[in-house]
Amino acid sequence: MTKAFLFAAGGYFLLKSTSAFQATSPAAVRSPLVRLHSSVSSVVSVGEDAARDVGSMDMWATNVGIQLDGCDLTATYEDDGYGGMTEDWSLVTSQPISEGSPVLFVPADAILSSGIIRNELYTFLSSAEASLTDLGMEKDIPLFALFVKVLAEYERGEMSSYYYWLNSLPRKFNNGAAMTYSCFECLLPYAAQLAETERNTFSKFREALDMVLVTGFIDKKTRSNMNVLKWAFNVVATRSFVVWEGERMIVPMGDFFNHGTEPEVTIDHDEDGNCVFYSASDIPAGYPLRIKYSGPSDPSALLAKYGFLDEQALGTFCKMMNMQTEMTDLGLTASNMLFYSNGEIAPEVYDCVLYSILGGSDPSLQQQFYDAYTSGDEETKQSFHNQYWEYTLQAIREHVDQTLQDLYALSVRASEKDVVTHPRLPVILKHNEFVTNAFYSVRDQLNQM
Numbered sequence: 004m005t006k007a008f009l010f011a012a013g014g015y016f017l018l019k020s021t022s023a024f025q026a027t028s029p030a031a032v033r034s035p036l037v038r039l040h041s042s043v044s045s046v047v048s049v050g051e052d053a054a055r056d057v058g059s060m061d062m063w064a065t066n067v068g069i070q071l072d073g074c075d076l077t078a079t080y081e082d083d084g085y086g087g088m089t090e091d092w093s094l095v096t097s098q099p100i101s102e103g104s105p106v107l108f109v110p111a112d113a114i115l116s117s118g119i120i121r122n123e124l125y126t127f128l129s130s131a132e133a134s135l136t137d138l139g140m141e142k143d144i145p146l147f148a149l150f151v152k153v154l155a156e157y158e159r160g161e162m163s164s165y166y167y168w169l170n171s172l173p174r175k176f177n178n179g180a181a182m183t184y185s186c187f188e189c190l191l192p193y194a195a196q197l198a199e200t201e202r203n204t205f206s207k208f209r210e211a212l213d214m215v216l217v218t219g220f221i222d223k224k225t226r227s228n229m230n231v232l233k234w235a236f237n238v239v240a241t242r243s244f245v246v247w248e249g250e251r252m253i254v255p256m257g258d259f260f261n262h263g264t265e266p267e268v269t270i271d272h273d274e275d276g277n278c279v280f281y282s283a284s285d286i287p288a289g290y291p292l293r294i295k296y297s298g299p300s301d302p303s304a305l306l307a308k309y310g311f312l313d314e315q316a317l318g319t320f321c322k323m324m325n326m327q328t329e330m331t332d333l334g335l336t337a338s339n340m341l342f343y344s345n346g347e348i349a350p351e352v353y354d355c356v357l358y359s360i361l362g363g364s365d366p367s368l369q370q371q372f373y374d375a376y377t378s379g380d381e382e383t384k385q386s387f388h389n390q391y392w393e394y395t396l397q398a399i400r401e402h403v404d405q406t407l408q409d410l411y412a413l414s415v416r417a418s419e420k421d422v423v424t425h426p427r428l429p430v431i432l433k434h435n436e437f438v439t440n441a442f443y444s445v446r447d448q449l450n451q452m
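The sequence shown begins at 4 in this note's numbering and counts up one residue at a time.
Everything labelled a hint here was simulated from the structure, so no lab data went into it.
Check the hints yourself; a few may be wrong.
Unchecked claim - Think about it this way: if two alpha-carbon atoms lie no more than 27 Å apart in a straight line, the pair counts; the simulated BS3-like pairs of lysine-lysine are:
(1) Lys223 to Lys207
(2) Lys207 to Lys224
(3) Lys207 to Lys233
(4) Lys175 to Lys295
(5) Lys207 to Lys142
(6) Lys233 to Lys295
(7) Lys175 to Lys223
(8) Lys433 to Lys224
(9) Lys295 to Lys433
(10) Lys420 to Lys433
(11) Lys175 to Lys224
(12) Lys420 to Lys175
(13) Lys295 to Lys420
(14) Lys142 to Lys295
(15) Lys233 to Lys142
(16) Lys175 to Lys233
(17) Lys175 to Lys207
(18) Lys233 to Lys433
(19) Lys233 to Lys223
Unchecked claim - Simulated DEER-style distance windows between Cβ atoms:
(20) Ser206 to Thr424: 19 to 29 Å
(21) Ser414 to Trp247: 33 to 43 Å
(22) Gln448 to Met88: 34 to 44 Å
(23) Glu250 to Ala133: 15 to 25 Å
(24) Glu90 to Ser364: 51 to 61 Å
(25) Gln327 to Met88: 34 to 44 Å
Cβ coordinates follow ideal geometry from the N, Cα and C atoms, glycine included.
Model the full structure from these sequences, guided by the hints.
This is the structure:
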């Protein structure tokens, strides 16, 4: 795959790929799942300032049978907000690609599968899985299996078959697990709650790791190294995706696709378990290739889970945290309750606000509205909206105005903090600015009604 390293204009560093998939005889990838610890000098450095060796990973990928077609690994560099530069690697087309064309092939043996890991490490993981189940975290067990696998491969250092992939990964993350409580103080309650959930998941994983530790699989030195544990958690949390319920995977090289709300690439698995990525449309040369990440596409959810702001997002959750009961009654989630960047308001927001208003004034009317809503009786539902329109409008206006005041106060609070001490602040501020702009657009729209 990689034959040359060269610099290109515009701050890009390209690793040139071959033009078509070829038959290969890949080297074995999966490491023996036994306790085998390496010397300290040969393990991956997880310090946030450590350099990423993407070039060696790219050559490793060739050796294990991973193939790119029509795209390159490309680095971009952006101001990190406090005097440094942030490096990000992604896949970008090197030539025009037709819809339905394969762009990346990853053999099954190179994929980290939670199902396979759980089967192979059952002796080591069973107690930890039982502990997580008791905590109501059964859905997180596949992620925990990947977490343990990455720690095990980290301990193997250069003896790990995944060493070069591990050494190519980011060291600094901006997601909820990487944030501090000072970061949460600069977010609106919805975003802060999501971010704190990620941090709490990491905390529970650390506790569950004690169950693995009892078996002697994960070394005590690793277990006590908070930097290593947090790095491993952030790797699996941000680079794995849900394949189906109960199964998560990390696909080396495939984890270099960035997120897109309208992705250029789709994912498929063949009968042998190989992973193939296809173009979803005709794509010109020099265009980023993106997949849609697991979970909601709301910018706050993406920030908490993955640590970036999706500036192309169409809108954001309306932040009506006081209507959780009403949302549940109507079967709504944050993904339905949207304020759009162009100022439009999702119909579900009007429905939920009116349902709340009716509940506070006349429960019998609320029940009538609920019946109309759930039965699809649009005529009756619209008559309620017409009758109570001014009340609905006033409630939304008050919410928008209050949220804008809260966002201003959060910006002031963030400006008083040291960005060197709290390096996640720049992306938090960008997130808050995105939400602020969306709310201003909504307010302008409301003022015209």
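Okay, the hints, checked on the actual structure:
Straight-line distance between C-alpha atoms of Lys223 and Lys207 comes to about 17 Å, which keeps the hinted pair within the 27 Å bound. Distance hint between Lys207 and Lys224 is fulfilled; the C-alpha atoms sit about 19 Å from each other, no more than 27 Å. The suggested pairing of Lys207 with Lys233 holds, with an alpha-carbon distance near 12 Å, which does not exceed 27 Å. Of the supplied pair hints, the one linking Lys175 and Lys295 holds, its CA atoms being roughly 22 Å apart against a limit of 27 Å.
Restraint check for Lys207 and Lys142: the C-alpha separation of about 13 Å stays at or below 27 Å, so the hint holds. Between Lys233 and Lys295, the direct Cα distance comes to roughly 24 Å. Compliance with the 27 Å bound is thereby established for this hinted pair. Under the criterion of a C-alpha separation no larger than 27 Å, the hint pairing Lys175 with Lys223 is consistent with the structure, at around 24 Å. For the given pair, Lys433 sits about 37 Å from Lys224 by alpha-carbon distance, which is inconsistent with the 27 Å threshold.
The hinted pair formed by Lys295 and Lys433 meets the criterion: a straight-line CA distance of about 21 Å does not exceed 27 Å. Of the supplied pair hints, the one linking Lys420 and Lys433 holds, its CA atoms being roughly 15 Å apart against a limit of 27 Å. Distance restraint check for Lys175 and Lys224: the Cα-Cα separation of roughly 21 Å lies within the 27 Å cut-off, and the hinted pair is therefore satisfied. Proposed proximity of Lys420 and Lys175 is supported: the alpha carbons are some 20 Å apart, at most 27 Å.
Among the hinted pairs, Lys295 with Lys420 is inconsistent with the structure: their alpha-carbon atoms are about 34 Å apart, more than 27 Å. Among the hinted pairs, Lys142 with Lys295 is consistent with the structure: their alpha-carbon atoms are about 20 Å apart, no more than 27 Å. A distance of roughly 20 Å separates the Cα atoms of Lys233 and Lys142; the hinted pair therefore holds under the 27 Å criterion. For the proposed pair Lys175 and Lys233, the alpha carbon gap of about 10 Å is at most 27 Å, so the pair holds.
For the hint linking Lys175 to Lys207, the alpha-carbon distance of about 21 Å falls within 27 Å, and the restraint holds. Distance hint between Lys233 and Lys433 is fulfilled; the C-alpha atoms sit about 24 Å from each other, no more than 27 Å. Taking the CA atoms of Lys233 and Lys223, the gap is near 15 Å; set against the 27 Å cutoff, the hint holds. Under the hint 19 to 29 Å, the C-beta atoms of Ser206 and Thr424, about 22 Å apart, fit the expected range.
For the hinted restraint 33 to 43 Å between Ser414 and Trp247, the CB-CB distance of approximately 41 Å keeps it satisfied. The beta-carbon spacing between Gln448 and Met88, approximately 38 Å, falls within the hinted interval of 34 to 44 Å. Evaluation of the 15 to 25 Å hint for Glu250 and Ala133 yields a pass: the beta carbon distance comes to about 19 Å. Look at Glu90 against Ser364: about 56 Å separates their beta carbons, and that is inside 51 to 61 Å.
Look at Gln327 against Met88: about 41 Å separates their beta carbons, and that is inside 34 to 44 Å.
Hint check: violations occur at hints 8, 13; the rest are consistent with the structure.
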